[in-house]
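Protein chains: 2
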Amino acid sequence: MKGTQRFTALSLIAQKRDGGELAVEAIRWLVPAYVSGEVTDYQMAAFAMAVVLRGMTPRETAALTLAMRDSGKLARLGKRGGPKVDKHSTGGVGDKVSICLAPLMAACGLRVPMISGRGLGHTGGTLDKLEAIPGFRVNLPLARFSRLVNTHGFSLIGQTADLAPADRKLYALRDVTGTVESIPLITASILSKKLAEDLDALVLDVKVGRGAFMKTLDDARALARSIVRVGTLAGVPTSAVLTRMDVPLGRTVGNALETAEAFEVLAGGGPDDLVECTLVLGAEMLRAGGVVKSDAAAQGLMRDAIASGRAAAKMEALVKAQGGDARVVREPDRLPRAPQRASVQAARSGFVQDLDALAVAQVALRLGAGRTRADQAIDPRVGVVLVKKPGERVERGETLAEIHAADSRSGRREAAALLAAFRVGAHKQNARALVIERIAR
Amino acid sequence: MKGTQRFTALSLIAQKRDGGELAVEAIRWLVPAYVSGEVTDYQMAAFAMAVVLRGMTPRETAALTLAMRDSGKLARLGKRGGPKVDKHSTGGVGDKVSICLAPLMAACGLRVPMISGRGLGHTGGTLDKLEAIPGFRVNLPLARFSRLVNTHGFSLIGQTADLAPADRKLYALRDVTGTVESIPLITASILSKKLAEDLDALVLDVKVGRGAFMKTLDDARALARSIVRVGTLAGVPTSAVLTRMDVPLGRTVGNALETAEAFEVLAGGGPDDLVECTLVLGAEMLRAGGVVKSDAAAQGLMRDAIASGRAAAKMEALVKAQGGDARVVREPDRLPRAPQRASVQAARSGFVQDLDALAVAQVALRLGAGRTRADQAIDPRVGVVLVKKPGERVERGETLAEIHAADSRSGRREAAALLAAFRVGAHKQNARALVIERIAR
Chain Y
156 MKGTQRFTAL
166 SLIAQKRDGG
176 ELAVEAIRWL
186 VPAYVSGEVT
196 DYQMAAFAMA
206 VVLRGMTPRE
216 TAALTLAMRD
226 SGKLARLGKR
236 GGPKVDKHST
246 GGVGDKVSIC
256 LAPLMAACGL
266 RVPMISGRGL
276 GHTGGTLDKL
286 EAIPGFRVNL
296 PLARFSRLVN
306 THGFSLIGQT
316 ADLAPADRKL
326 YALRDVTGTV
336 ESIPLITASI
346 LSKKLAEDLD
356 ALVLDVKVGR
366 GAFMKTLDDA
376 RALARSIVRV
386 GTLAGVPTSA
396 VLTRMDVPLG
406 RTVGNALETA
416 EAFEVLAGGG
426 PDDLVECTLV
436 LGAEMLRAGG
446 VVKSDAAAQG
456 LMRDAIASGR
466 AAAKMEALVK
476 AQGGDARVVR
486 EPDRLPRAPQ
496 RASVQAARSG
506 FVQDLDALAV
516 AQVALRLGAG
526 RTRADQAIDP
536 RVGVVLVKKP
546 GERVERGETL
556 AEIHAADSRS
566 GRREAAALLA
576 AFRVGAHKQN
586 ARALVIERIA
596 R
Chain P
156 MKGTQRFTAL
166 SLIAQKRDGG
176 ELAVEAIRWL
186 VPAYVSGEVT
196 DYQMAAFAMA
206 VVLRGMTPRE
216 TAALTLAMRD
226 SGKLARLGKR
236 GGPKVDKHST
246 GGVGDKVSIC
256 LAPLMAACGL
266 RVPMISGRGL
276 GHTGGTLDKL
286 EAIPGFRVNL
296 PLARFSRLVN
306 THGFSLIGQT
316 ADLAPADRKL
326 YALRDVTGTV
336 ESIPLITASI
346 LSKKLAEDLD
356 ALVLDVKVGR
366 GAFMKTLDDA
376 RALARSIVRV
386 GTLAGVPTSA
396 VLTRMDVPLG
406 RTVGNALETA
416 EAFEVLAGGG
426 PDDLVECTLV
436 LGAEMLRAGG
446 VVKSDAAAQG
456 LMRDAIASGR
466 AAAKMEALVK
476 AQGGDARVVR
486 EPDRLPRAPQ
496 RASVQAARSG
506 FVQDLDALAV
516 AQVALRLGAG
526 RTRADQAIDP
536 RVGVVLVKKP
546 GERVERGETL
556 AEIHAADSRS
566 GRREAAALLA
576 AFRVGAHKQN
586 ARALVIERIA
596 R
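Read top to bottom, the protein sequences are chains Y and P.
The opening position of the first sequence corresponds to residue 156 in this note's numbering, with each subsequent residue numbered one higher.
The opening position of the second sequence corresponds to residue 156 in this note's numbering, with each subsequent residue numbered one higher.
Note that these hints are calculated values from the structure, not bench results.
Heads up, some of the hints might be wrong.
Copies of one chain are not kept apart here, so a pair can be met inside one copy or by any two copies together.
List of simulated lysine to aspartate or glutamate pairs, DMTMM-like, C-alpha gap at most 25 Å [what the hints assert, rightly or not]:
hint	residue 1	residue 2
1	Lys324	Glu193
2	Lys448	Asp355
3	Lys544	Asp225
4	Lys475	Asp225
5	Lys370	Asp173
6	Lys234	Asp480
7	Lys370	Asp428
8	Lys543	Asp355
9	Lys448	Asp196
10	Lys324	Asp196
11	Lys234	Asp509
12	Lys543	Glu176
13	Lys583	Asp353
14	Lys448	Glu592
15	Lys370	Asp480
In isolation and in its complexed conformation, chain Y is listed as follows (with noise of 0.2 Å):
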């Protein structure tokens, strides 16, 4: 460091406020300032509410990643083993593709240390999926995590406390304060914890959609933008795909079913969107990671991985030594199991054109699959399995999806609303196309 230049909340505030650009220096003051309590909660939000309205350059943005990355631990995997390369999602209705990817692209040779996020809302977390997986334990000290990612190829754990302190404290202030609407403030969120992850490439799943975060295009492609551009500034080579999440992806939404839908795809079976989508992000990452040079060598390797049960296999080395029935991955039906079913059938014939990702999540979260608040428990057996979806034909009567709940009457309470999610008309009309487009420096 140079010099002893002396820093005060109050001036940061007030340059940002002014729409100047923070020095470097600044930023990697004020993050662990904030952590320390020196810059109040009170101070830090009206910066935040400056950066909402002001913006940030990506030298900025790139400095408080770091910032943040640097308030807590690090993992540390070493040099020996594959490629380091993880995938993150920015979140949506029935994404269960880590669960899919990462024993997947472990089986291909990287290594992926894949540290994931709780639900809220209407999206769920993997974190919630893989606890549904009798005794898994998502809670490991980042030690432990980083010998598994180098004993297994992966490991999936949640947060831990040590992670990235200043970006759970900022979040925290963020969500009560207005001030998660932000580009720069989500990127420096979602790449301080990876960036903590020890990678080599980072592949971003940018989810838009009704069913997403982020709605519109323009708003999607300016955080994917801005997120592979900050983590390659940031020193790992980061790339993005746009996915579309108007629609649930895969044909389940809720936690156990879709733990199980996601071995199905282990397995070789499994919704054709969802194996779609974890093999384009998986050739990201193999492209990524080195591993091969064209996406037609990828989907060989991966195809392969999936077929001689390779694939599998690394999931039930991995749900085991992390204390969990490894029996689950190839015989889902263990998993915990709903009480109750509910059909709900079509009122008339024809095919299906529609069907509401928000709406079907918001099903979901009222039978109990999910949290509005981050201290609400969870139940890990309720959702809803998706008998038909767009550009299918379903018959007067037919059952177009299932709902499994606690108890009868949450499950019939929920059935209208579930059928309002569908719409069905007498013309075919194709399923838009799920890859919407690449960003990349």
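Once you've looked at the hints, dock chain P against the given chain Y.
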């Protein structure tokens, strides 16, 4: 109130962040919720920053002003007696006009319920000046204040704890979160206290220049227009006079020195600029209160009130009523005097061409006449007497100014800084006009 609309801090912050106009009811919910702690400091800080960057309409500012006023008690002066008119100054160096003006206006038939502030930084405070009077009490409850105003035609007190507590809480927060610089927030802060005085009309003295809070004419105009508009919208006809504050007002800076100078004006003397400022604002108040129709009538009334001794008698009666030694009004030498004097001599002959108000204020501050933190004690005795002012002739070696100090060392230490505040040159330059313009609806 119509209906039972539910507001949340988060929704109001988001609305302002996105550039929306808040409903009057929303603002009337926000302010008491902040005072009670239901809305937290960090939420209010984010909201204040959104206001700084997005602004507020006059309607929103008026609602904020009234909600802050209504967070505390209001003076109740009743209908019997003269029109109730106050003056507020945005603060300058050597500004003792309130002490001249309040008794003068009372002598002319107005009721002046004047609640003043203390000095902070380079600007002095009327309360500090009044407290130079032995025994004079400025901390009186609102009920006693109201009786004094109705008995004597005026009273001079400080902000009581129950006067606009929302403003006190919000101002303390703005001070540490970089959210002071906002015309709507400054407007609401000033007016919330003034509108608690039960006024018929209000006159603003908006100071402009290097010794003022507003450094540029544009900023001063914007603030004056905002206060005039919002005050009038809130039911109190308000007008403003923009006056120059590049040079100290009068020939004294420092508490007892300034109080003595104000008493000179009441006795028919005093420096020209101070007398002019007093008479201009007094005429504005008399017209606003409907006591006179024309400026000429106002001037006649005021000159008679001074020449007859009625203005000074009003001050004597009030000083006595508020516990002070009333003899100081006619015998200002009874005010506390600094033990040490040091004079500053001109290094060349010529004309005083300029005198930097801010530099003089900083000398006075360092001598102990002011404070940089709200909890600091001040020395009423110390300060500066400006023997020469711009436009006046000085010979080499002649005294330009006198330092009144607590000890000889601090007096000597400030001599060079005080000398540097003067510019002496060969040519006479006329002082610029004190009054810049008048702003009314």
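Alpha-carbon proximity context of Lys234 and Asp480, limit 25 Å: neither (31 Å within a copy, 84 Å between copies)
Intra- versus inter-subunit Cα pairing at 25 Å for Lys370 with Asp480: neither (38 Å within a copy, 72 Å between copies)
What label fits Lys448 with Glu592 when the C-alpha limit is 25 Å: within, between, both, or neither? within (19 Å within a copy, 74 Å between copies)
Is it within a copy, between copies, both, or neither that the alpha carbon of Lys543 lies no farther than 25 Å from that of Asp355? neither (40 Å within a copy, 73 Å between copies)
Up to 25 Å CA-CA - Asp173 versus Lys370, copy category: between (30 Å within a copy, 17 Å between copies)
Is it within, between, both or neither when you check Lys448 against Asp355 at 25 Å Cα-Cα? Only inside one copy: Lys448 and Asp355 sit 16 Å apart there, 82 Å across copies, limit 25 Å.
For Lys475 and Asp225, with the copy left unspecified, which applies at a CA distance of at most 25 Å: within, between, both, or neither? neither (32 Å within a copy, 65 Å between copies)
Can you tell me if Lys543 and Glu176 fall within 25 Å by alpha carbon in one copy, between copies, both or neither? Close neither inside one copy (52 Å) nor across copies (45 Å); limit 25 Å.
One pair to classify: Lys583 and Asp353, alpha carbons no more than 25 Å apart. Within, between, both, or neither? neither (47 Å within a copy, 73 Å between copies)
Up to 25 Å between alpha-carbons, please classify Lys448 paired with Asp196: within, between, both or neither. For Lys448 and Asp196, neither the intra-copy (48 Å) nor the inter-copy (54 Å) Cα distance is at most 25 Å.
First find the shortest C-alpha distance between Lys234 and Asp509 inside one copy, then the shortest across copies, and answer within, between, both or neither for a cut-off of 25 Å. So Lys234 and Asp509 fail the 25 Å test inside a copy (48 Å) and across (70 Å) alike.
Have a look at Lys544 and Asp225 and pick one of within, between, both or neither, based on CA distance no larger than 25 Å. neither (45 Å within a copy, 58 Å between copies)
In the structure shown, a violation is registered for the earlier hints numbered 3, 4, 6, 8, 9, 11, 12, 13, 15, in ascending order.
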